[in-house]
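Engineer: Per mature numbering (1 follows the signal peptide of the UniProt record, and there is no 0), the sequence shown runs over residues -19 to -1, 1 to 812.
Keep in mind the hints are simulated off the structure, nothing from the lab. Where hints are given, some of them may not hold.
Result set (DSS-like, lysine-lysine): computed pairs, CA atoms no more than 30 Å apart in a straight line [as the list claims (entries may be wrong)]: (1) Lys661 x Lys775; (2) Lys775 x Lys812; (3) Lys85 x Lys235; (4) Lys204 x Lys188; (5) Lys291 x Lys585; (6) Lys291 x Lys336; (7) Lys325 x Lys279; (8) Lys325 x Lys336; (9) Lys69 x Lys503; (10) Lys180 x Lys204; (11) Lys503 x Lys85; (12) Lys235 x Lys188; (13) Lys131 x Lys503; (14) Lys85 x Lys69; (15) Lys450 x Lys661; (16) Lys291 x Lys279; (17) Lys279 x Lys336; (18) Lys69 x Lys39.
Cβ-Cβ distance ranges computed for the label pairs, FRET-style [to be verified]: (19) Pro91 x Glu309: 47 to 57 Å; (20) Ala419 x Glu222: 51 to 61 Å; (21) Arg206 x Gln334: 51 to 61 Å.
Even for Gly, the Cβ is constructed at its ideal location relative to N, Cα and C.
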Amino acid sequence: MTTKFTVSLLAALVAASCAATTAPMANQAQQNVTPQVLELNVASSSDTQGESSELTIKQIMADQDWVARSPANAYWMLDGSGVLYQQKRAGSVISDWYHQPLDKDAHQVPLERMHHYAYSDGVYNANREMLAYTFEGNVFVRDLTSGNIKQLTRDEARQSQLMFLTDGQLAYRQGNDFFKVDPVTGITQQIASLANADKPEAVTAPKDFIAQEQVDLIEFVQKERRDRQERADYQEQLQAENPTLAPQSFYLGKNTQVVAASLSPAGDKMLVAISEPASWRDDGDIMPNYVAEDGRVKAESVRRRVADAKPVSHRLMMLDLTTGQQSEFTYNTLPGWNEDVLAKVKAENHEAQGKTYESKEAPRAITLMQDWGWQEGAIRWSDNGENAVVMLEAWDNKDRWIASVDFAGKQLVNEHRLHDEAWINYTHNEFDFVPNSADRIWFQSEEDGYAHLYTKQLGGEQQQLTAGKFVTESPTVDAQTGHLYFTANEDHPGIYELYRVSLAGGEVEQLTDLDGIVAGFKVSPQGDKVLLEYSNALQPNEIYVQDLAENATAQRLTHTVTEQWQAIDWTVPEIVPVPSSHVDDPIYTRVYYPEDYDPQRAEKYPAVVFIHGAGYLQNAHAGWSGYQREFMFHTFLNRQGYVVFDLDYRGSKGYGRDWRTAIYRQMGTPEVEDLVDVVKWAGANTNVDTERMGTYGGSYGGFLTFMALFNEPGLFKAGAALRPVSDWAHYNTGYTSNILNLPDDDPIAYRRSSPIYFTEGLEDALLINSPMVDDNVFFQDSVRLVQRLIEHEKEDFETAIFPVEPHGFRQPSSWLDEYRRIFELFEENLK
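All chains, please: the whole structure from these sequences, using the hints.
Structural biologist: The following block contains the structure:
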């Protein structure tokens, strides 16, 4: 049997080719085209493996080595002759490194040679004749002409932030100390040391009357003070006049911690962000572990709740490594730095309490941007070290600024402000200087409703490089060609291909036409090929290589899916644009039909709706699902006669800013509206019995299971909530405060969005599956909600606990137990 993957590509898909070019705004002409149900042309694995094998829940939930040991962390060999990647060792937690030539079979990299190939995050010198990298925390330099490798450090301290300076020396960070080393001679010198303390003084003023009397009366004390001051003055003079000494420390003040420190490529200055020491937890933030190794109950430390959060500010400083001077920047040059952006929210909450809110301007807590996907950080330098830009965010989540640093004027200059009445996205914040430019930057922004790419001259106008109803992901600059490479879902929200555009602007080139998901890519060092990590609905990520030439096609390098898995005839879902009754855009939904599905059958089919977790995640796409066990479970349900739906409700990733922020201050309302629309669509367009529908989901999906059962009784006859959030005031700060603000500022949003306030509405069968050592969504969430159900005298609910499991289950036996219970719930209530 050949199965087809339904994907409703728009007109652009027909015309797309491997090196097709489109104008940046071309997609706008398609915005009014009605999306169609599209079929993915993915061959069923059983086409080549013979009869379909038996499928059991136990097999699905077994150690996932039986599916595939997919390649990970792939990158190019320096000469472009092959790639390196990691692969999990069968039956082990260890991963090994493999070398895969382009024209031969892969072989394992021996442990004794691993340091030769650990250059995935290496840095080049100016003329690209040397490459520096770290292996196990130590620094290595490879001469790219001779191939010789030199180890520059060998100790237990871990080095990081490698960078070739403009004078050719290699700088690195070790703790809060910064060094530079001559890569030829190996001579190392310290260039900066950061101390979280006040500068020590040889002589301090007497602290009280008795101490003052002691100094005034006792000559010995007076002499001791004079001697200490004389020695200190001498040491300071020696420090200033003798060039062989290490520089004095920069004293950043007591009760501080270094948040970020970035050295200029010129090696003459640093930008440092500091804050007050902040504990990640309070004394009462504990979680009991009942199955500890010693047989006792162990109190595990866990993060604090958003209800206990306090605003955090970062102080940004410039350290002059030549003069030793320290300068602190203020934020009052940033537009909106003192706006009361929560005035309307606070006024609404005050009014609900019978109070009046008076809005006042006041400095906002501002920090370096904390993007969840970054590795580079929020401070970026031009190649010559003359200029720097920083990305800042307001702690209230409503503003993001890109500011250049005026070193002469000792102030920040706003280059770009992104304001969002809901919240600034915690991804899609990539930015940097354009290579070989000291005054031009590129960045991502959602300002037009989608994550697009821009360039800007410092102090000048910005230029938009991409545009349309799609999002850009993983933008990466090729400094040699001046291109910005990125993946995007321009043709269809569920298909991500590779594109590139010149940093000078112009046409956008589509480089791949794979009709799945390009999840990662790396351009070869020679700039003639690209490494791709690609998946489709029936294939986990595998490595492909494609020439960067017109009409090139991708060639597959790895084959890691097991024959056992391929022997099973898996259901390939259709991706259906379900019309929304609330917004113009459709609700993209995976639909899994049984193999013998009959749209005319007299007895309608029972159905299950899967609700993905995370909230901001995309699952109705053309690639391999991050929920691979659930994907397999849906085929199992198909074989038991169920139709399965899996929707990207409002709040999901991949559909732009408005879809993302629809849940602002009302988590659980738009999403449940979308669930209602999908159920109604199923009743009108499929042979499903809407009186026999169930639902399940984990984490955010568990939360939405609660909200659906409590607020729309009868929509589902049964629901399973796995590791569910019941009260958002107990969740973490970074995620929750974005969407609901803080509980003290916006209790209305928390009460509107937390299932624990709606438990009285339960009328249908509910299963709660809760891991007990979950340090993400605490077990307490389920405990408190169960107590509410007991107090409401609800009867049709059950709770299953998993004593050794964290948020993401690890033991196959736990997975098996959980999904057996889910299946039994559906069998008992939907058939």
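Engineer: Now look at each hint and say whether the structure bears it out.
Structural biologist: A quick look at each hint next to the structure:
1. Lys661 x Lys775: holds, 28 Å
2. Lys775 x Lys812: holds, 23 Å
3. Lys85 x Lys235: At roughly 59 Å apart (the allowed maximum being 30 Å), Lys235 and Lys85 break the hint.
4. Lys204 x Lys188: Between Lys204 and Lys188 the Cα gap is close to 18 Å, so the pair holds against 30 Å.
5. Lys291 x Lys585: Violated - the C-alpha atoms of Lys585 and Lys291 are around 54 Å apart, more than 30 Å.
6. Lys291 x Lys336: Cα-Cα ~23 Å, so holds.
7. Lys325 x Lys279: violated, 45 Å
8. Lys325 x Lys336: holds, 13 Å
9. Lys69 x Lys503: holds, 21 Å
10. Lys180 x Lys204: holds, 23 Å
11. Lys503 x Lys85: Given pair Lys503, Lys85 holds - Cα atoms ~20 Å apart, limit 30 Å.
12. Lys235 x Lys188: holds, 18 Å
13. Lys131 x Lys503: holds, 26 Å
14. Lys85 x Lys69: OK: Lys85 and Lys69 at ~21 Å, within 30 Å.
15. Lys450 x Lys661: holds, 27 Å
16. Lys291 x Lys279: holds, 28 Å
17. Lys279 x Lys336: Between Lys279 and Lys336 the Cα gap is close to 45 Å, so the pair fails against 30 Å, i.e. violated.
18. Lys69 x Lys39: Given pair Lys69, Lys39 holds - Cα atoms ~22 Å apart, limit 30 Å.
19. Pro91 x Glu309: 47 to 57 Å: holds, 51 Å
20. Ala419 x Glu222: 51 to 61 Å: Between Ala419 and Glu222, where Cβ atoms are some 34 Å apart, the hint is violated.
21. Arg206 x Gln334: 51 to 61 Å: holds, 59 Å
Violated hints for the displayed structure, listed by number in ascending order: 3, 5, 7, 17, 20.
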